[in-house]
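Number of protein chains: 2
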Amino acid sequence: MREETKEPQVGITTKKSENFSEWYTEVVLKSELADYSPASGFMVFRPRAYAIWEKIQAFFDREIKKRGIQNAYFPLVIPESLLRKEMEHFEGFVPEVAWVTMTGDRELGERLAIRPTSETIMYHSYAKWISSYKDLPLRLNLWNSVVRMEFGDPKLFLRTREFLWQEGHSCFATKGEAEEEVTDILNLYAKVVQDLLAIPVLTGRKSRLEKFAGAEYTMTLESIMTDLRVLQMGTSHHLGRNFAKVFDITFSDKDGERRYVYQNSWGISTRLLGAMVMVHGDDRGLVVPPKVADPKVVIIPIFYSEEEKTLVHRECRAILDELEGHGIATIYDDREDRTPGWKFNEWELKGVPVRLEVGPRDIAKGETVLVRRDTYEKSAVSRDDLAASVEETLDAIQAYLFGRAKAFQQDHTTQVVDFEEFRKALQNTGGFVKACWCGRDECERSVKEETGATSRLISTEKEVFSPCVYCGDTANHIVYFAKAY
Amino acid sequence: MREETKEPQVGITTKKSENFSEWYTEVVLKSELADYSPASGFMVFRPRAYAIWEKIQAFFDREIKKRGIQNAYFPLVIPESLLRKEMEHFEGFVPEVAWVTMTGDRELGERLAIRPTSETIMYHSYAKWISSYKDLPLRLNLWNSVVRMEFGDPKLFLRTREFLWQEGHSCFATKGEAEEEVTDILNLYAKVVQDLLAIPVLTGRKSRLEKFAGAEYTMTLESIMTDLRVLQMGTSHHLGRNFAKVFDITFSDKDGERRYVYQNSWGISTRLLGAMVMVHGDDRGLVVPPKVADPKVVIIPIFYSEEEKTLVHRECRAILDELEGHGIATIYDDREDRTPGWKFNEWELKGVPVRLEVGPRDIAKGETVLVRRDTYEKSAVSRDDLAASVEETLDAIQAYLFGRAKAFQQDHTTQVVDFEEFRKALQNTGGFVKACWCGRDECERSVKEETGATSRLISTEKEVFSPCVYCGDTANHIVYFAKAY
Numbered sequence: 000m001r002e003e004t005k006e007p008q009v010g011i012t013t014k015k016s017e018n019f020s021e022w023y024t025e026v027v028l029k030s031e032l033a034d035y036s037p038a039s040g041f042m043v044f045r046p047r048a049y050a051i052w053e054k055i056q057a058f059f060d061r062e063i064k065k066r067g068i069q070n071a072y073f074p075l076v077i078p079e080s081l082l083r084k085e086m087e088h089f090e091g092f093v094p095e096v097a098w099v100t101m102t103g104d105r106e107l108g109e110r111l112a113i114r115p116t117s118e119t120i121m122y123h124s125y126a127k128w129i130s131s132y133k134d135l136p137l138r139l140n141l142w143n144s145v146v147r148m149e150f151g152d153p154k155l156f157l158r159t160r161e162f163l164w165q166e167g168h169s170c171f172a173t174k175g176e177a178e179e180e181v182t183d184i185l186n187l188y189a190k191v192v193q194d195l196l197a198i199p200v201l202t203g204r205k206s207r208l209e210k211f212a213g214a215e216y217t218m219t220l221e222s223i224m225t226d227l228r229v230l231q232m233g234t235s236h237h238l239g240r241n242f243a244k245v246f247d248i249t250f251s252d253k254d255g256e257r258r259y260v261y262q263n264s265w266g267i268s269t270r271l272l273g274a275m276v277m278v279h280g281d282d283r284g285l286v287v288p289p290k291v292a293d294p295k296v297v298i299i300p301i302f303y304s305e306e307e308k309t310l311v312h313r314e315c316r317a318i319l320d321e322l323e324g325h326g327i328a329t330i331y332d333d334r335e336d337r338t339p340g341w342k343f344n345e346w347e348l349k350g351v352p353v354r355l356e357v358g359p360r361d362i363a364k365g366e367t368v369l370v371r372r373d374t375y376e377k378s379a380v381s382r383d384d385l386a387a388s389v390e391e392t393l394d395a396i397q398a399y400l401f402g403r404a405k406a407f408q409q410d411h412t413t414q415v416v417d418f419e420e421f422r423k424a425l426q427n428t429g430g431f432v433k434a435c436w437c438g439r440d441e442c443e444r445s446v447k448e449e450t451g452a453t454s455r456l457i458s459t460e461k462e463v464f465s466p467c468v469y470c471g472d473t474a475n476h477i478v479y480f481a482k483a484y
Numbered sequence: 000m001r002e003e004t005k006e007p008q009v010g011i012t013t014k015k016s017e018n019f020s021e022w023y024t025e026v027v028l029k030s031e032l033a034d035y036s037p038a039s040g041f042m043v044f045r046p047r048a049y050a051i052w053e054k055i056q057a058f059f060d061r062e063i064k065k066r067g068i069q070n071a072y073f074p075l076v077i078p079e080s081l082l083r084k085e086m087e088h089f090e091g092f093v094p095e096v097a098w099v100t101m102t103g104d105r106e107l108g109e110r111l112a113i114r115p116t117s118e119t120i121m122y123h124s125y126a127k128w129i130s131s132y133k134d135l136p137l138r139l140n141l142w143n144s145v146v147r148m149e150f151g152d153p154k155l156f157l158r159t160r161e162f163l164w165q166e167g168h169s170c171f172a173t174k175g176e177a178e179e180e181v182t183d184i185l186n187l188y189a190k191v192v193q194d195l196l197a198i199p200v201l202t203g204r205k206s207r208l209e210k211f212a213g214a215e216y217t218m219t220l221e222s223i224m225t226d227l228r229v230l231q232m233g234t235s236h237h238l239g240r241n242f243a244k245v246f247d248i249t250f251s252d253k254d255g256e257r258r259y260v261y262q263n264s265w266g267i268s269t270r271l272l273g274a275m276v277m278v279h280g281d282d283r284g285l286v287v288p289p290k291v292a293d294p295k296v297v298i299i300p301i302f303y304s305e306e307e308k309t310l311v312h313r314e315c316r317a318i319l320d321e322l323e324g325h326g327i328a329t330i331y332d333d334r335e336d337r338t339p340g341w342k343f344n345e346w347e348l349k350g351v352p353v354r355l356e357v358g359p360r361d362i363a364k365g366e367t368v369l370v371r372r373d374t375y376e377k378s379a380v381s382r383d384d385l386a387a388s389v390e391e392t393l394d395a396i397q398a399y400l401f402g403r404a405k406a407f408q409q410d411h412t413t414q415v416v417d418f419e420e421f422r423k424a425l426q427n428t429g430g431f432v433k434a435c436w437c438g439r440d441e442c443e444r445s446v447k448e449e450t451g452a453t454s455r456l457i458s459t460e461k462e463v464f465s466p467c468v469y470c471g472d473t474a475n476h477i478v479y480f481a482k483a484y
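Sequence lines, in order, name chains A and B. Taking numbering that gives the first Met the number 0, the leading residue of the first sequence gets 0, the next gets one more, and so forth. Taking numbering that gives the first Met the number 0, the leading residue of the second sequence gets 0, the next gets one more, and so forth.
Hints are supplied without guarantee of correctness; some may be wrong.
Only pairs whose alpha carbons sit at most 27 Å apart, straight line, appear in this in silico DSSO-like list of lysine-lysine [stated by the list, open to error]: (1) K308(B) - K133(A); (2) K308(B) - K253(A); (3) K64(A) - K29(B); (4) K29(A) - K133(B); (5) K54(A) - K290(B); (6) K290(A) - K64(B).
Hints listed in this document are in silico derivations from the structure and should not be mistaken for laboratory results. Note that the structure is a prediction, hence the values are computed from the model and not measured.
In isolation and in its complexed conformation, chain A is listed as follows (with noise of 0.2 Å):
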């Protein structure tokens, strides 16, 4: 129908199928989501990213103020002193701690770690303000960033050595309040992933090897990406009086009893948008899913004349009106320094979801042209109930986004019985390998060291259907391994 344009082509050269690493890292430059930075391993978050996380701090940011919770801030630097104070957590973060230890050109008496994550200067403060039972529950959630000094490769939104998150850190009377907001704020993040984001998540309890250093328990969302390895989409420990004995929170019950309050910390991070690339894009770049999309649409014009431009021009202003009417968000792309063929490749590496073609054919005919950024699939759809076709476009390509990595997933899920299924399946399947566990660690290390594959989750599911997968012991677990990022 429309020839295609001739200029020289700024889109993606590596296919996802062929060099899953490179097709990612060259989608989230050219998309212009992220940009590296002249300080290593650190990186820049452009405004495409940003206000993808924008969505999901305003949905996440209701929802828990509805529960009551509250933000707040926190310095970004804890004294070396303060951060020793709970060692199995300090050394967890230790070798990645960045220290602070000049100011202009004086040594500083004490080192000063930027947080690498805020429970202890919080709880110092915790310790502070609570006194009784009416100071209880308290909970507080943080927007900001941590920092992490990596040293392998940097991978943007990934592995990068400062990343954006939210942290939420609890304290509760009783045990069962604290459980209960664990899980209320696990399904909370499985929202946020699977409908916001259109991933699908597998969730469930860390191992003791793999929770948080400092937590009773650690519960886990993880997803599965295109390569077939299994990234950690957020988590929410039950710090059960850990933190509390070492910093001291205690409350005063209403019996006139001394008690340490139960604690909890949980979060979720700008990597979720290095998952949304993973797991949607394509060869032509981006797909980002309606509901965090912004905009959602793009409406392009096509002519030939002058006398087209004015007519196309008018209705394209129409059409554009009508949608931000509707609370659409849309843009209109009247360059006239581009082809309508360069602005088709350049909104679908951005990852607009839909398309609207305008041209004085499609006009004579009450007609407009809409393309699918998930599945390129292109229809005329009547003029009249354009807003209504866009939204249900919308929802079609959300369902779809989420359907297809519903099925990916059960596709590179596999139920094995003994070690040497466990092997083949990760290796000619890949992705979760499920197996029964006998719930020792030396099992547990064993797998990890002769196939790669780490525990990325205990199963709510109680019937095991085998012995434990290595050693051949009762087991008592079902376990969910695989490749991990």
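Once you have looked at the hints, place chain B on chain A.
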């Protein structure tokens, strides 16, 4: 009418008029806006303060997005060599820079500065991203925190080693467009401060000595505090092509010529919360202007018997629903272990604009007792028009606070024609001293050395009314001087 409570009071013990500085700290701490932290000089933003900051963010964010300005995030750290690229800028910050020199137990090859501001790290990226006039304007905003390791006594919100702010950084093809933005943002800041925080401002240009190092000129907003010292409330800088030349930010213009961009940067910070406390607070604590208050209304039940309790509870809940239905953030304080008097004190301390007292006699009369936080004025309002009365009262409080502060500012602004008058005005009246100036650095410096007052801004008023207040030569500027924070 009601007995005062006999419980120990947790209220403010210092009078604002007697020891302003102690009063300030007491209000900030006891109203639970903020707290000190174990990291010396760093502060904790508690939920009550953060919620007010979120109101400012919501307003400002909506306004800048309307203007096409986008949010982004840039790294927390800046390599020393990059920070050093613009020397005037660097020297302005270097004594206060926090340096990261180690990670884990390794020394870093190059020190990393924690950002004192983001010009250098951003403009490095800008140079990469901008190549054509088509890439302009580029207008990004960051919501983040910055670190400046001041060694004076910390003062919550006003002088801490870390504060929250937004920093906007724009590039334009022409100086004209850039300068338009400088003014537009200055006006927007004036709206934030005057319309939301109910604090009047004076605006104008900074002198050469007082401008931001590296800026061509700085526009500022200045407000008078109740202790008669003046606080800089925000700044909007035109950077000219100063940074563009250092960072090589160029674009090929429509005529094919390669040109440097014109740049601005602008920011407001959480020091605004300190100003709010100082300007509006009183001997009972915080007074939060209704537009940034959350909650705006507190409902307090008063009853003496179980029968009354049922009746009063029902009424309070109905009022709560009604006000919430009108979008008025309200809390119902139904705690049973506190007396009404205790609650009155607590919510006054925390600055909630309107208190509703609901007792059986009020219910019988079809009325509710409404108490204003600003004037303590008490009135019985008809239950039927309650939501409307509350809304009117909130508007009235907002207007009253602004009006009172405006009158205070006018009462403490003295126009003088010579240095003798200048000294007297500063000593007797305090606040702003309005005087004419020849424009020479030496005169400005001498005024500062001899009186402690600095030039706060050069007014846009053009008609000089006397010779230079210091040297007696011909003046060409009207300047507002003051002792500043």
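Now the hints, each set against the structure:
no.	hint	result
1	K308(B) - K133(A)	holds (21 Å)
2	K308(B) - K253(A)	holds (23 Å)
3	K64(A) - K29(B)	holds (23 Å)
4	K29(A) - K133(B)	holds (17 Å)
5	K54(A) - K290(B)	holds (25 Å)
6	K290(A) - K64(B)	holds (19 Å)
In terms of the numbered hints stated before, the structure departs from none.
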